[in-house]
Structure formats: structure tokens, C-alpha cells
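Q: Letter by letter, the chains look like this.
Number of protein chains: 4
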Amino acid sequence: TIRHIFKTIFAASLQLQKKEEEASLLVSRKRHPEDTVVEVGPVRIGAGVPAVVAGPCSVESYEQTRAVAEALREEGLTLLRGGAFKPRTSPYDFQGLGFDGLKILREVADEFGLKVVSEILAPEDLEMALPYIDVVQIGARNMQNFALLKAAGHIDRPVLLKRGLSATIEEFKYAAEYILAHGNPNVILCERGIRTFERATRNTLDISAVPILKAETHLPVCVDVTHAAGRRDILLPLAKAALAAGADALMIEVHPQPEVALSDAQQQVNIPEFRAWLGEIRRMFGAVV
Amino acid sequence: TIRHIFKTIFAASLQLQKKEEEASLLVSRKRHPEDTVVEVGPVRIGAGVPAVVAGPCSVESYEQTRAVAEALREEGLTLLRGGAFKPRTSPYDFQGLGFDGLKILREVADEFGLKVVSEILAPEDLEMALPYIDVVQIGARNMQNFALLKAAGHIDRPVLLKRGLSATIEEFKYAAEYILAHGNPNVILCERGIRTFERATRNTLDISAVPILKAETHLPVCVDVTHAAGRRDILLPLAKAALAAGADALMIEVHPQPEVALSDAQQQVNIPEFRAWLGEIRRMFGAVV
Amino acid sequence: TIRHIFKTIFAASLQLQKKEEEASLLVSRKRHPEDTVVEVGPVRIGAGVPAVVAGPCSVESYEQTRAVAEALREEGLTLLRGGAFKPRTSPYDFQGLGFDGLKILREVADEFGLKVVSEILAPEDLEMALPYIDVVQIGARNMQNFALLKAAGHIDRPVLLKRGLSATIEEFKYAAEYILAHGNPNVILCERGIRTFERATRNTLDISAVPILKAETHLPVCVDVTHAAGRRDILLPLAKAALAAGADALMIEVHPQPEVALSDAQQQVNIPEFRAWLGEIRRMFGAVV
Amino acid sequence: TIRHIFKTIFAASLQLQKKEEEASLLVSRKRHPEDTVVEVGPVRIGAGVPAVVAGPCSVESYEQTRAVAEALREEGLTLLRGGAFKPRTSPYDFQGLGFDGLKILREVADEFGLKVVSEILAPEDLEMALPYIDVVQIGARNMQNFALLKAAGHIDRPVLLKRGLSATIEEFKYAAEYILAHGNPNVILCERGIRTFERATRNTLDISAVPILKAETHLPVCVDVTHAAGRRDILLPLAKAALAAGADALMIEVHPQPEVALSDAQQQVNIPEFRAWLGEIRRMFGAVV
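Chains as they are written, first to last, in my numbering: chain A, 2 to 290; chain B, 2 to 290; chain C, 2 to 290; chain D, 2 to 290.
Since the hints were made in silico from the structure, they are not lab data.
Any given hint could turn out to be false.
When chains are identical, the list treats them as one kind, so a pair holds in a single copy or across two.
Cross-link-like lysine to any residue pairs, in silico, SDA-like; alpha carbons within 20 Å at most [what the hints assert, rightly or not]:
| id | residue 1 | residue 2 |
| --- | --- | --- |
| 1 | 151 | 77 |
| 2 | 19 | 63 |
| 3 | 20 | 95 |
| 4 | 104 | 14 |
| 5 | 20 | 92 |
| 6 | 19 | 274 |
| 7 | 151 | 125 |
| 8 | 104 | 127 |
| 9 | 151 | 127 |
| 10 | 20 | 157 |
| 11 | 151 | 124 |
| 12 | 31 | 259 |
| 13 | 20 | 112 |
| 14 | 151 | 234 |
| 15 | 20 | 33 |
| 16 | 31 | 71 |
| 17 | 151 | 62 |
| 18 | 19 | 51 |
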């Protein structure tokens, strides 16, 4: 019918408009063909040499954090992660040390010449946290916390944005667009697994997201192997796959004694395991920073 | 092997502990066998008579909101919904009128003796919004925005908490627990569809969540048929199914002219359609409020 | 760009063609506006009075099957289900009694004047099974077993086709189209839950599929509450929801002693539970057959 | 409560029994620690050198198939895939050339010294197809077609078994177990993407399945990059990721003129693209067969 034809043409032009809108996004590679390189101290994420972000799930104590930081330094790495504000399913689970945790991270990082990557949960904490943090992480559960995204657009610190558990790649790009549109061009996109029916892993690492995000945006792409897997035994093959697929950075949780960790005990590696993992990565891909 | 047996016994006792923890939650019916009834003006949600929450996706103008409010009043309904702060995938989409939208809602609601249900996106807006809002809605994308949940625990206003797009029923209960644990017992749980592979509907209404939430918690359960369906033609069967499954309330988006709506144009019903829908609900289930 | 415009117009016309193709399907209500009524003995599925298909997951013995059949007869029901060929995840699980099971079903059904609904797994068994079966069930795992669908198109017996675990509604319609296109117009579509991330239920009952299938096809729609839920405690609200949403039939697994069942022990109801369930259905929806 | 403790212990022992059962499966590496090497002519899949299975989605003509086969021979490859029996969503889509297609494959393969990999849909075709086929493929939609799995257990030809669209890794292993338990030890497991909410790709390649299947079974693992991606532009990064994660083989669809292909036109690569892809794989991983 003629009415249907008009509806279809209308739908087609909407689709066309949507494609054009996507091409005109600040995150779009069509608009900005060169790779964005996010600089964090001496580390240039997205410039060719894979970066590794490592550290404990939660900051639990000065000693615990220092032990991991020392290992990073010995391995020539720079990016120390650690959770101070923890988004936990239950209100009765350990919620993190908060600003005390951030202070530990800062002190330890400064001692070893490292940079701090840590998650912030609320816009009102952002400003106060800046003295302690070099890269602000926005977690998967907050990927569409638009108030937080907007606030992150107003700071002069790189943002590592994790993909939501059930966010499409398109929604992920738009979430990053919020940050860029509010003034902050330094965003790292972090694939960390999506929620599917499969339970052999905690989440399903969407490896295809890596080349798609690299092609459609100019932002560096990180893969968090720990949260994708939720189990230690496949962290090495997933890391290799991520780099082979074009990822610019890896994130992994490391704890001096995973078995007594206050969160994510089952998926963190200990320091010798981390070093072995790193050695295998280097054997296949050369230098990492 | 003996080692494996010990691990299994350990896992079993963890499981047992988890079940006990769940039974001891503030939201748990095991701990609080009587139904919680949330009172919003004359409406007692969870007391047996189905409640209907209706209104436009976004508040766009005084006239638009007033037209819907008038219809609600004529139908003897009380709960007017309307979005003032809109969580939108793209930063370039209409973000809502903000506090101006809340003022319109309040003015119109007061004129017709209605109560306002509206979403708040950020903890810092919560306090300022209270004069305008009778029920605070926390949206699906913020179900695990723990800063917002905690803030919602400190207000003396009922909270309508929507299930996250990929949240399990267990995570949904724990999100509500955050609000109760911080002091606010008046929470309405709202199933609004989960994200699956199916695309005939915008989301997949998880109808099983209704009886499970009713059995495991003492909180009233609402079903948002509009967001579950994402299409107008099945809003009636979904509403009937929700009430047949035990829901205490329904939410539906109504707009005087859906075809020119600034958001969700395809899924809102117009006022005559809404009245017809309501008539069918009443024919099958009797009075609604 | 002009090239992009042409591609979009081409995509639009493809879309248009697809819509037209769907409207021209044998299953389409556009092509065949009247409801198809599938007659099984005295039962007319799709003619207005809800039908109930009940029986054990697996036929285990003459006595077990007879006990259920007797209850059906006492309740005035006609449609006895029972698994003789069982599709099991593990080759070491009970695979069903095969043709011996079918013979038990036939004998018992004849004794009580019932009709047999039973699953067939392979095209080569179809012909031999016809003397024993009144409705051939094609299971969820075989929804796209095209050899079996084609074979089912050549028999003169109604087919109850279950939706695949991850089949879209569109794929489900096309699977039914295979049967109609090969000559058999008597197909009942059975929604039985889809596979999602949620684990509170065995599958997620896609209640929206009921009104959509009723609107887009002319075939009767059944809902298998047992496989959707995978737990006994919500079989009643799901059944009510299914009928409220427009389903023509319900399927439920009933076993004289579920706790010793050779398959699906956790989800089958015993005979008194079944009768109570049926009583509640009747109280809300009137007569069932 | 004491009753609950007993139930938990019972559940734990069931869990224990399940783990033991899994360890005792024929596919289990616990039972059979050495890698199974599947020999297809000169190619030893699982012995260390990555194998590549390539060819058109559907066999359409002698010329089309010959063009691809010639390219394979020039590249020193051996494994020619091609669809003769096509599982298609719609009964009105091209269903493949059937036995005529198999004859073309055999003739062309013999001319160039290649081996044929082709899908069989029904047990009754299996025996007749054996003269034409060197590796029998069982497709994703038939992963739990147990009649076909059992029949495949009785042939003396390797089987390439694809993972179902929504099959768990555990179910996938059990499907392979059916084949081994019925007598055929030569099974190749093929990950081809699972169905999720994401639509940027046709399916979501579950890269984690590769190391898990390698660890838990002794069977070779193949990754079908074409069906996982459903788009040409990411076939190279997915192939690299698959091999980096430990896959033993890759499958890719190649067509002399993808734009006129009778099926899967959007995802097949042409011959020059295939050769470029292969060159990049070799540059990173060395020889392939």
C-alpha cells in the first residue's frame, strides 16, 4: 500500500539521519580520524604500546596496597588501580574505605612513582577526590548515571568509562559522548564483559566490541579481563585475545593474598601469578607499560 | 577426593549463610510477613485495589500535562506521572524541563487533587525536588546508583524503584534493601521489562518477577507496561497479565498527542486510548485507584 | 552522501519486501483473518474455552500414567501429555521409554477417553508413532530441526510446536510456516519461556509473545507454565497471566509422586496440587477443557 | 533450621556428584589428559598448527565452488567448506542444492586435493552423504538434535559440532558427549557466537569458551568468525583473538562474488579479501594449514 511505502521511506530517512548523527558525534572517528592518546604521567594509552592497569579490587590497608604497588614498580608499570568507593550489590557488604582508601592509594603511588586509577560513585565526591586520583573510573553500574557523566565532563582528569552490564556498543559510545560533550576529551573505553545466559564465566567478554570501538571511535580501548572472566584460570588467554583484537590497555585485579580479600576473592591473582601473566603477555606482544 | 568434599561442604555452608542473610533482609517477607501498604494521599498501594500511575513520558508544557491530569481526575485516578529529569541515551536528546517541569507537575496536580510521581537522577536534586514530588521514582538505569539509593533512604517520601535492564530479581531486592536500610520503608518495586535477545518488544516483561517479588518481599509491586512493551498494541493484555499475576499497581504513559511527543512517541497512548484501556481493566478486575 | 542515500533506499525497500513477505505467510493473520481452531477429539483449541494439557514429564510406568489420566478424567479434561522420547542434555540421563511409553499413553488414554500429546524427536519415528499420538509435540530444542518440521507438515495430526530457547517470535512464526507450507494447517504455538540472564526461574516466560502471536498469526497459542517457571510455587500466577493475556491453552506437568520422578522432579506438581491449581483457574476464568 | 541444613547438604552432595560425573565424561580432559588430534587427510587439527576451514556459505554452482577451491590450493590449504543442505529460517529461502551440492564439492575437492566439510541436517541423509564428505558438520540449530548426534556417533568420519545459539558451555560438552558415547571419538568443537542483546554483531563471539573448552575437554576447538561477526570488517581481529586464546582452527566463509551470493551476502569475503586476511594471520601466527 502507498501508506506503507511512505512510512518506510520515513523510517529510512530517520535511519539515515541517525547514521549521520552518529558520524557527527565527538567520539566518532569519522569526525576525528586520528587516535586519541590519553596521557597519564609517562604512559601514553592508545599510542601503540599496551598499557596494564593493575591493583587490588578494594584498597584494604596501606600494607596490602603497598605490596602490589611495589610489584608494579619492579615490573616497570605505572598504573595502579584500587577501589576505595565500592559499588556492592548488598548494603551489608564491605563498601570500601572511601577517602581513607584514596589517601592510601595516593601515598603509595607517590612513593613508587605510580599513577592512581580509582572509581568514583557520586558527582559530589568527584571534586574532593581529584587530589588523590589520576584517572577517574566510572563503573559499569554507573555507565548511564548521567549526572556523574556530566560531572566527569567538567574535570581535567582522564576518565576510564566501563561498559554497562547490558549496554549496547551504541549506548556505550553515547555515554562517552556525554563526557566529551561536557568538555573532557580524555576518555578510555573499557569493555568488561556483558551479561548473558552463560554462567561458566561471570560475564561474557564481548571481544568484538574491541575492533568495533576502535573503528567507530578515536578513543583508546581497555579490556578488564578480571571482571569479564570472574575466574583466574582464563585471564591469560583473554588478555592475549584482547591485545590481538586491538585493545590498547588491559586491566587486572591483583591482591597479595586473594584468599582473604574483602571482595572478589575468587577472581584476583596473587603477585607471583600476576608476574607470570605479565611475562606471558610480554613474550607474545613485547613491551607493556 | 577428600579436598573436594571439604570444598563442597564449604560452598554449601556459604550457600546456607546466603539464604539466611536473604531471609534477614529488611525487605524479606520472612522477617516481615505482613504486606507493606504505601500510602500516597488517598491511594493505598498494596492494599488490594489496583493502583494506576499514568501520565506523559516527559513533561513538555503546562497544557500538555493539564490535559492528562484532567483525564485522570475524570477517571477517578490520583497518581500522575511525568518526567522532568529525563535519562536519555544521547546528550543531544531532550533532557527534560528539570525543575520547571516539576513545578508544572505540582501546579497541575494541586489543581486536580492528584499526587506526583517523578524521576530524580542525582542525589543533589533530591532535597530540592521534595516540595514538588509525592513519590520519587528511581529509574532502571539508576537501580544500582548506590549514592542515589542511600539518599532516597533518608527522605520521608515513598520511592518507586524500577528494576534495572539486566538486574536479577535478587539484585533488585538488594537495591530496595539499600533504601530500607537507610531509613525509608516505603518502597514500591516496579518491574519494567528486562533486556533480552527478543526485539518484537522493547524489553521482555518478566511476568514471573511479580509473584516472586510478592512472595519473597512484603513490598508492593508495580508493572510498567509501557516500557516493557515499547509498543501500544499489547498494553492491554500486558496489564491484564500483570494484575492476574498479582501486581498491586500499573504504570502507563499517556500523552494528549503521542505523535508529537518529545520522547517515546511510539509507545505512549492518547487520552481516548487510555480511557478505553482503563475500561477494559475495570471490566476484568473491578475498581482501580 | 548520495551513495549512502541509495543504500538506505535499498535497505528500506528490502524492509518493505520483508514486511510484505511476512504478511503473505500462511501463518499470517493478514492472509487468514479468522482464528484457526485445532480440534482434538471433543476439544476445540482456539475456540474460546481454555484448554489444559496435563501429564507427567516422562512416562515411567502404566500405573504412574494411569493415576494422572484418572485425575484428568475426573476433572473433565481430555488432553494427556507424557514424554516417551525425552530430549536430555546428557546421554546418560533417562532417555524415555520410547515406543513402550507411547503404548502406555495410548492404552491409558483409550481407557479414560483422553487424547495423547507427546513429543517426537526424529522424522523417522513420526510415521510409526502416529497410531499412538493425537497431537505431535515438537520440542524447543527442535524448533529449527527443519527435517522434522517438514516431516510434520506431511502428517494428518495436529502439531504443538514449542518456541526455541533463544528463538525470536519471528523465527517461531517461520518455524510454524514450515509445517503449514508442507501441508499441515493444524499447528498450536507454545510459548515456554526463553533463555535470559535471570536464574530465579528456569526460563523467562515471554508473556508479550502471547498477544503478539495472537495478533500476527491465526494459530492457537498455548503457554507451558512448567518449563517457563521451573518451580512449582508460581505456576498459578503464570497460568492466570497467560490466560489474561489471551492464551488459548495451558500446559502443566503433573506426576503422582514428583519427588521420585525420573526427570524434572523439582517442577512437577502432584495430583492434589494440580486440582487446586485447576480450581483457581476455573474460579477466575470459568470452564476449561 | 535443621531441615534446611539437610537440604543444603543434599544439594551439596548432588553438586559433588555432578562434578564427578562431568570429570568422568568421555570428552573430559580429566579422563583423557592428552589432546585429541583429528586427522583430515594431511591436516592434523589440534596438533599445534592452526587449521583454516574456508569456502562459500552455500554451494551454488560448480564454477563458484571451483574458484574458491583453487584459491585454497594456491594458499596451501586443504579444508573446503560449503553448504549443500542449508538450515534456513524461512521455508521460502534457498534451501541449498542438497546431494547435487555435495557432488560438486566432492568433484572440486578431488580435483584440487582438498577435503570437504559440509553440514548434514537429518540422520537419514548421513549415510548417503558419506561418500562426498570428509568432515560432517552439525550446525548450531541442531546442537541438541539428539537423533542426529546419535547417528553421528556411528559414522567413521570426524564431526565438526557447532555450539547452539543459546547453549551453555556445559550443554555443548554434553552434546559432544552424545557423539563420543555412541562410538565416534573424532569431534571438533566449534564456537560460533551466542545470542545476546547486542546487535552490532550478528552473534556475540564467546571468546572465553575457547580456553574453557581447551581446559575441560581434550577435543580440538574451532572458531567460526563469520557467523560470530556477521560483518566482514572485524573478521581479522576476531581470528587473531581466537588463535591468541588458544583455538586450533578457524572457519571463514569465502565467495567469489559475495554481493550476488544466495545466502549470507553481507558477511562473506571475496577471494582477494580472504588472501589478505590469511596473510595477516600468517604474519602473526606463522604457518596455517
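Q: Take the hints in turn and mark each one as holding or not.
A: Status of each hint after checking the structure:
1. 151 - 77: Result: close neither inside a copy nor across copies, 34 Å intra and 40 Å inter.
2. 19 - 63: Close neither inside one copy (50 Å) nor across copies (30 Å); limit 20 Å.
3. 20 - 95: Intra 44 Å, inter 19 Å, cutoff 20 Å: inter-copy only.
4. 104 - 14: So residue 104 and residue 14 fail the 20 Å test inside a copy (53 Å) and across (37 Å) alike.
5. 20 - 92: between (42 Å within a copy, 16 Å between copies)
6. 19 - 274: neither (47 Å within a copy, 30 Å between copies)
7. 151 - 125: both (12 Å within a copy, 14 Å between copies)
8. 104 - 127: For residue 104 and residue 127, only the intra-copy Cα distance (14 Å) is at most 20 Å; the inter-copy one is 29 Å.
9. 151 - 127: For residue 151 and residue 127, the Cα distance is within 20 Å both inside one copy (11 Å) and across copies (17 Å).
10. 20 - 157: Cα proximity of residue 20 and residue 157: none, with 30 Å in one copy and 45 Å across.
11. 151 - 124: For residue 151 and residue 124, both the intra-copy (9 Å) and inter-copy (14 Å) Cα distances are at most 20 Å.
12. 31 - 259: Neither, since 44 Å and 26 Å both go past 20 Å.
13. 20 - 112: neither (49 Å within a copy, 44 Å between copies)
14. 151 - 234: Neither: 38 Å inside a chain and 33 Å across chains, both beyond 20 Å.
15. 20 - 33: within (16 Å within a copy, 38 Å between copies)
16. 31 - 71: Neither, since 42 Å and 38 Å both go past 20 Å.
17. 151 - 62: neither (32 Å within a copy, 25 Å between copies)
18. 19 - 51: neither (33 Å within a copy, 40 Å between copies)
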